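The residues making up each chain are set out below.
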Amino acid sequence: MEKLSFKNILTIIFLALLSLVFIAPVIIVVINSFKGQFFIADSPFTFPNSGTFSGFENYINGIEKTDFFGAFFYSLVITIGAVGLIVLCTSMTAWYLARVKGKLSSLIYYLFVFSMIVPFQMVMFTLSKIANTLRFDNPLGLILIYLGFGAGLSVFIFTGFARAIPLEIEEAATVDGCGPVRMFFYIIFPILRPTAVTVAILNAMWIWNDYLLPYLIIGSDYKTIPIAVQYLQGGYGSRDMGALMAMLVLSIIPIIIFYLLCQKYIIKGVVAGAVKG
Amino acid sequence: MHSSLKKHFFIFLLPTLIAFTVFFIVPFVLGVYLSFTEFTTVSNAQFVGFQNYIDAFTGDSTFLNALWFTVKFAVVSIITVNLFAFLLALALSKGLKGTNLFRAVFFMPNLIGGIVLGYIWQVIINGILLPYGVDLTFNANYGFWGLVVLTNWQMIGYMMIIYIAGINNISPQLIEAAKIDGATPFQILRKITLPLTMPSFTICTFLTLTNSFKLFDQNLALTAGAPGRETSMLALDIYNTFYGRIGYEGVGQAKGVVFFLLVAVLALLQVYLTRSKEVEA
Chain A
1 MEKLSFKNIL TIIFLALLSL VFIAPVIIVV INSFKGQFFI ADSPFTFPNS GTFSGFENYI
61 NGIEKTDFFG AFFYSLVITI GAVGLIVLCT SMTAWYLARV KGKLSSLIYY LFVFSMIVPF
121 QMVMFTLSKI ANTLRFDNPL GLILIYLGFG AGLSVFIFTG FARAIPLEIE EAATVDGCGP
181 VRMFFYIIFP ILRPTAVTVA ILNAMWIWND YLLPYLIIGS DYKTIPIAVQ YLQGGYGSRD
241 MGALMAMLVL SIIPIIIFYL LCQKYIIKGV VAGAVKG
Chain B
278 MHSSLKKHFF IFLLPTLIAF TVFFIVPFVL GVYLSFTEFT TVSNAQFVGF QNYIDAFTGD
338 STFLNALWFT VKFAVVSIIT VNLFAFLLAL ALSKGLKGTN LFRAVFFMPN LIGGIVLGYI
398 WQVIINGILL PYGVDLTFNA NYGFWGLVVL TNWQMIGYMM IIYIAGINNI SPQLIEAAKI
458 DGATPFQILR KITLPLTMPS FTICTFLTLT NSFKLFDQNL ALTAGAPGRE TSMLALDIYN
518 TFYGRIGYEG VGQAKGVVFF LLVAVLALLQ VYLTRSKEVE A
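Here the protein sequences line up with chains A and B, keeping their order. Residue numbering for the first sequence follows the numbering used here, starting at 1 and increasing by one per position. Residue numbering for the second sequence follows the numbering used here, starting at 278 and increasing by one per position.
Next up, chain B with everything else stripped away, as it sits in the complex:
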């Protein structure tokens, strides 16, 4: 059987593999190569060694600024999104009245695209700032907290769904037994619920981490980096390096490689660290 399946690779494997090779493998390899060259179109690439990488970090401060902004944003978002999502999940896994409706409402913003989300919050935040005579692009802090609020609004529902699934997986007998032994609700939370939902924490912190680092649409729509480039995150900074001015394509590609390495290392590190805290029931 499996040898006959193997003979049918051109039906089963080939279509996906060709598309994957042409639109992922080749662009990836070509991207790594081009990061060591100077080019405007792909065909006129000149090898320049690590010059693009040096330029990315020293040329102007936009990349380092974007890196710092992204790190701050990711830290704040990971903490707030997961904290609120977990608290909501606790409240919504008690079988209270209206649970399904609440869950549906909290999840809803997640389905709205980043561009649309960005403009919704731009109007609201500008409206809130109106009495003070300033707007979202007046100060980078407004853009920062605007993005945090927007991201919370968008991601809490998604993470909440994953936490609810994790909490519902805990055997009710375990909780019953703890109650009979006289455990307080807080002790049950700390000693049973939290350790046993660690797999959900692994997934949710992974998703919030990678989504925060890769955030682009929301950033573009909410502030587009204003004032100046101060609220540009990494993805937007790379985009602007490529398409904002001619002659910086190589630097943009070098930033892309650094961005990729950063996301990959952080993602692996995070999974490794939280996995080690997972326990069996």
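Extracted from the complex, chain A is given alone in its bound form:
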């Protein structure tokens, strides 16, 4: 801790004001979610008064229109399923690629690395056509698509850390008669656990908020939260602003709860992911 000089106090005051600026947009949306829908666009920066206050009407409205709890459920299942599958499969793949040397092995590794810089719009159309043809247009199929499309970054991060595991550990286990599958689950994966947290957090942030991929693949039958919010938009000007505000608040709440619970891991994950990325 540095002593509280005048300059430092000024910096703290400035940072405090800036923090308010950073939170303000969320607060404004929360305040507006309690106003009648026709009062929001006309006076977004005022508190609701007796004439404009609408209680939880917007929330009830929005939840009905978008089936918010259904969307929450699909978002949760898809995110947990895809993140779990990605962490399991790509950590195994990464260890394999780190240990089995050869031309084929490094070709596969470089294909994974290559996939990281390919923007989604490049494969958007063909990927959704393939998913439809193979009948992968359901939440389970989407989870497998996330494994395929998201494998690049995760394999890349895991491989970097898997290469650093001392070979002696693995040799000792082999001498003791431990096969590769058991060795992975009892020795390698526990060593990779901090990396697994990083990979899980980076993927969870992406998949939970992802709009276009789920919209194109399952959007007509299943709505995740971002799809439900976008669905409220309807035609420009004709939408229910109150329901939209309420849905924005409802979609931010789970993120804030997740953030408060795992803040330490999220920040560590971002740093670790960035250094490797």
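For the record, the hints were derived by calculation from the structure and aren't laboratory data. Computed from a prediction, not measured in an experiment: that's the story for all the values here. Just so it is clear, CB atoms sit at the ideal spot from N, CA and C, and this is done for glycine as well.
With a straight-line Cα cutoff of 20 Å, these simulated SDA-like cross-link-like pairs (lysine to any residue) come out:
| no. | chain 1 | residue 1 | chain 2 | residue 2 |
| --- | --- | --- | --- | --- |
| 1 | A | K7 | B | P462 |
| 2 | A | K101 | A | F114 |
| 3 | A | K101 | B | K283 |
| 4 | B | K374 | A | I13 |
| 5 | A | K264 | B | T376 |
Only part of the chain B face toward chain A is listed, based on derived beta-carbon distances under 10 Å:
| no. | residue |
| --- | --- |
| 6 | H285 |
| 7 | F493 |
| 8 | A512 |
Given the coordinates of chain A, work out where chain B should sit on it, guided by the hints.
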């Protein structure tokens, strides 16, 4: 051991590889192929050579307009996001009171999804423009600066975290030694902190560059390209080419390939240029 691991490739390698092949390699290769054909469904593709690429640039001006808009947006965003993020990181790596709280607050917007962010800022910016009797879609400049503000709000916290990690990695002895030698705070910043945080700059400019170029959700939610297609960025323009009208799928795919090449070349060039400025302590 490694030969026995090799024999278990069907457990370790195959599941990921199959998913990766079916949902990335095949769509990618098929996409490159289809960009040289005319098609509405994949099965009726007719080879047309480079016609789609020519159409992408000459047909109507939306693609070139989106390209120009995206480049301007990326330049402004890279500069502003990294400047503010670095300044905040400097302020938050002094061990001041409340550092953890401030850091948590500044990072928070990054966790909110692009669609939600877009609508939050749409309400706010429309509210600010209200007294002037216009809204966000009145003029493309409003959409442009709206996207810049939104992107700053979203990305500053993320980049700040990476810069803080970089600054904290600098050995305190180095700074002490410079202070004893009579270096001013500005000299310490220019001669020590900046050069030694170059790896963080490489990462952060890479991330802001690629994220700015690939921006889609925020663009769709904030303006959806309005007025007209004037605030459409590349990703949104490609999306509209594919799904906006029938018969332009081939052109959309050609735009996709150009988009990919652009992002790939810029990303490699950027990493090459900033890496060359990195120094060892």
